[in-house]
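Quick note, the sequences are listed as chains A and B, same order. Mapping the first sequence onto the numbering used here, position 70 (from 1) lands on 83, and the numbers just tick up by one. Mapping the second sequence onto the numbering used here, position 213 (from 1) lands on 427, and the numbers just tick up by one.
Among the clues, some could well be false.
Straight-line alpha carbon distances no greater than 20 Å define the calculated EDC-like cross-link-like pairs of lysine to aspartate or glutamate that follow [to be verified]:
(1) B:Lys527 - B:Glu349
(2) B:Lys527 - B:Asp486
(3) B:Lys220 - B:Glu452
(4) B:Lys220 - B:Asp246
(5) A:Lys102 - B:Glu255
(6) B:Lys220 - B:Asp244
(7) A:Lys102 - B:Asp436
(8) B:Lys655 - B:Asp524
(9) A:Lys102 - B:Glu483
(10) B:Lys655 - B:Asp409
(11) B:Lys220 - B:Asp456
(12) A:Lys102 - B:Asp230
Some chain A residues near chain B, calculated using beta-carbon distances under 7 Å [what the hints assert, rightly or not]:
(13) Ala23
(14) Phe37
(15) Val73
Everything labelled a hint here was simulated from the structure, so no lab data went into it. Every residue, glycine too, gets a C-beta built ideally from N, C-alpha and C.
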Amino acid sequence: MIPLREIAFARSGDKGDSANVAVFARTPAAYAWLRANLTAAAVEGYFKPLGVGTVARYEVPNLEALNFVLPGVLAGGGSRSLRIDSQGKALAMALLELAVDYPGAGRGAAGAPQSP
Amino acid sequence: MERPLKIANASGFWGDQPDAAARLVAAAPDIDFLTLDYLAEVSLSIMAILRERDSRAGYARDFVDVVGSLCPSWARGAGTRVVTNAGGLDPEGCARACLGVLRAAGLPRIRVAVVTGDDVLPALRAAPGGFANAETGAPLSDVAPRLATANAYLGYGPIAEAIRGGADIVVTGRVADPSLTVGPCAAAFGWGPGDHDRLAGATVAGHVIECGTQACGGISTDWLEVPGNQDIGFPVAEVSPDGSFVVTKPAGTGGAVTVQAVKEQLLYEIGDPGRYLSPDATVSLLSLRVAQAGPDRVSVSGASGRAPTDTYKVSATYRDGFKAHGMVTVFGHDAVRKARQAGEGVLKRLRAAGCAYREHLVECLGTGASVRGIVSRMSDTHLVETVLRVSVAADERAPVERFAREIAPLVTCGPQGVTGYSTGRPRVLPVFGYWPTLIAKSAVSPASRILGEAGP
Chain A
14 MIPLREIAFA RSGDKGDSAN VAVFARTPAA YAWLRANLTA AAVEGYFKPL
64 GVGTVARYEV PNLEALNFVL PGVLAGGGSR SLRIDSQGKA LAMALLELAV
114 DYPGAGRGAA GAPQSP
Chain B
215 MERPLKIANA SGFWGDQPDA AARLVAAAPD IDFLTLDYLA EVSLSIMAIL
265 RERDSRAGYA RDFVDVVGSL CPSWARGAGT RVVTNAGGLD PEGCARACLG
315 VLRAAGLPRI RVAVVTGDDV LPALRAAPGG FANAETGAPL SDVAPRLATA
365 NAYLGYGPIA EAIRGGADIV VTGRVADPSL TVGPCAAAFG WGPGDHDRLA
415 GATVAGHVIE CGTQACGGIS TDWLEVPGNQ DIGFPVAEVS PDGSFVVTKP
465 AGTGGAVTVQ AVKEQLLYEI GDPGRYLSPD ATVSLLSLRV AQAGPDRVSV
515 SGASGRAPTD TYKVSATYRD GFKAHGMVTV FGHDAVRKAR QAGEGVLKRL
565 RAAGCAYREH LVECLGTGAS VRGIVSRMSD THLVETVLRV SVAADERAPV
615 ERFAREIAPL VTCGPQGVTG YSTGRPRVLP VFGYWPTLIA KSAVSPASRI
665 LGEAGP
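Pulled out of the complex, with its shape left as it was, chain A reads as follows (with noise of 0.2 Å):
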């Protein structure tokens, strides 16, 4: 197992109560074993402890990206939440740490995190 963040970047965002977590392959190989294996049901079971509702995801082949959507997950959100993360600026470096069953993984296999 290794953490998501070395096959993929990710950046997260809010909307309301909403926030979205958008996931990028870093290699075209990890961009085809995400889309099979990062499931909206993984990310939503995932992010449980935060009070999700149904998570919506979305491809973006173009962008060997996938884009999820999580209603609810910010505890009111903007002014309302008491959280210290309440806008969930947070919520991509956390799935990133998400172990995940990578076939061949270490980084080698998996492609180190490419320099900007």
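Fit chain B to the known structure of chain A by using the hints.
Structure of chain B alone, referenced to chain A:
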């Protein structure tokens, strides 16, 4: 115009780097337009509160300082024009303050325009049976008596009109963030409302640069590897007449414009990427092509647009009680257990004193509290230090005021090692509920007007 239009972003939010505009113009004098975004979802409600105490506080006064910072370059003949939503609830007041600064600097030739028509609060107040919450479906009547602001996200039309009329500075209230970029493009290239793909391309350009440095390595997943990450430059979109564009940044600034950074920003705060709704076009991001076109240059092309919907999105806010957050640091063995007991003790004392809260929260920062229950790298018992953060919310102000007085006593009645209490008593903050809804475009009258030459 045949050459690409160079549009920079110099403010991604209200509170961004105050010298970004002046630095951009100094580093890249050939920038045609600076765009400055000040309005997040609830910014207008903050302005509404500030305005209750000070009638001049209905707009982002920071922008008036930005205008002052640009005066020396205008005095030297620079032709940089500026488009901003800093007008907030009072675009006229903001524009007049800008005129005052220009007059004091001896720059009467700089023309300031104002865009109005976004304030739809009267329409909502008049029809509490309509304007259901676009996310929850709840009827407006639930919150109508407590409405604080309601503003439609206007499109590029009035901005382009002001620029075509000769405005050097365009001050708007609420407009869709990307429209700050679409307006100059439509004016320069002569686009009309039917140019869906071109409008879509410029909308995507505006979306990529609207959060400032986030397009150039800011908040990148791999931020530690971003070169020059301590002084990341602000982005420039070079938009071509066909709506395709190159994202870049001025030479000599930190950060990096890479495919990775631009991709991350393309999907920032996006729902369905096949149907990104702006007042200017309904955009699909699924046909975009993104490629590195040189060092710190990323090209984005292929945006496809359809006719926009016949409604404007409205961001309304309503008063929803009060909240406060108190923080102290707890150092020593068993820091997290101590912090949690101390925080819960504060709430217990308050309850005993008769205070009731509709919501409360005790967080121990350092334990993965940002996403509590999801990521925890180490057992809490190994932490030698944590920041205790206690929060409450109530419909009335009084119990929250009382809470604000109960944090400091932890310095003497809490565990040994309570420290870091130096920022004073927690501030009692008004809470605003967010009410997204839609309004027919036919019910809104966007307009622009040049305020006249600087002078009495």
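Structure-based check of each hint:
1. B:Lys527 - B:Glu349: holds (12 Å)
2. B:Lys527 - B:Asp486: This hinted pair holds, its Cα atoms lying about 16 Å apart.
3. B:Lys220 - B:Glu452: holds (5 Å)
4. B:Lys220 - B:Asp246: The hint holds at about 5 Å.
5. A:Lys102 - B:Glu255: holds (15 Å)
6. B:Lys220 - B:Asp244: Since the Cα atoms of Lys220 of chain B and Asp244 of chain B sit roughly 8 Å apart, the hinted pair holds (cutoff 20 Å).
7. A:Lys102 - B:Asp436: holds (15 Å)
8. B:Lys655 - B:Asp524: Measuring from Cα to Cα gives roughly 6 Å; hence the hint holds.
9. A:Lys102 - B:Glu483: holds (11 Å)
10. B:Lys655 - B:Asp409: Cα-Cα ~19 Å, so holds.
11. B:Lys220 - B:Asp456: OK: Lys220 of chain B and Asp456 of chain B at ~14 Å, within 20 Å.
12. A:Lys102 - B:Asp230: Status holds; Cα separation ~17 Å.
13. Ala23: holds (6 Å)
14. Phe37: Holds. Min distance 5 Å.
15. Val73: Constraint on Val73 of chain A satisfied, holds at 5 Å.
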